[in-house]
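J.: Given only the sequences and the hints, what does the whole structure look like? Please build it.
Here the sequence shown is numbered in my numbering, starting from 23 and rising by one per residue.
These are computed hints drawn from the structure, not numbers from a lab.
Just so it is clear, the structure is predicted and the values come from calculations on it, not from any experiment.
Don't take every hint at face value.
[As the list claims (entries may be wrong)] Straight-line C-alpha distance at most 20 Å; calculated SDA-like pairs for lysine to any residue:
| # | residue 1 | residue 2 |
| --- | --- | --- |
| 1 | K58 | L39 |
| 2 | K58 | P91 |
| 3 | K33 | K58 |
| 4 | K47 | P91 |
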Amino acid sequence: MPRKTTISLIKCDVGSLAGHHVVPKPLLKIAEQNLKGAMEEGLVNSYYVSNVGDDLELLMVHERGESNPEVHKLAWDT
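T.: Structural data, given as structure tokens:
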């Protein structure tokens, strides 16, 4: 059976000082480090960290299927 690729985009409403306009840079750095570690461990194949306003966006490519508990735990812990 061919391997299936799953693309998970998880939005994390992290909040911001003085309104809903930006994710603090330290949080972006932590997310980058956590997802890089997950890639090195083989949990995800690739990733991209970004934001829209004060929402942290975690885009992860993996082969673990929809709603995978490990991938969602990674996002929650991040």
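J.: Each hint should be assessed against the structure and marked as holding or not.
T.: Verification of the hints:
As the CA atoms of K58 and L39 are separated by approximately 27 Å, the hinted pair breaks the 20 Å bound. A distance of roughly 18 Å separates the Cα atoms of K58 and P91; the hinted pair therefore holds under the 20 Å criterion. Note on K33 and K58: the hinted pairing holds, with a Cα-Cα distance of about 18 Å set against a maximum of 20 Å. Proposed proximity of K47 and P91 is contradicted: the alpha carbons are some 27 Å apart, above 20 Å.
Hints 1 and 4 from the list above are not met by this structure, while the remaining hints are.
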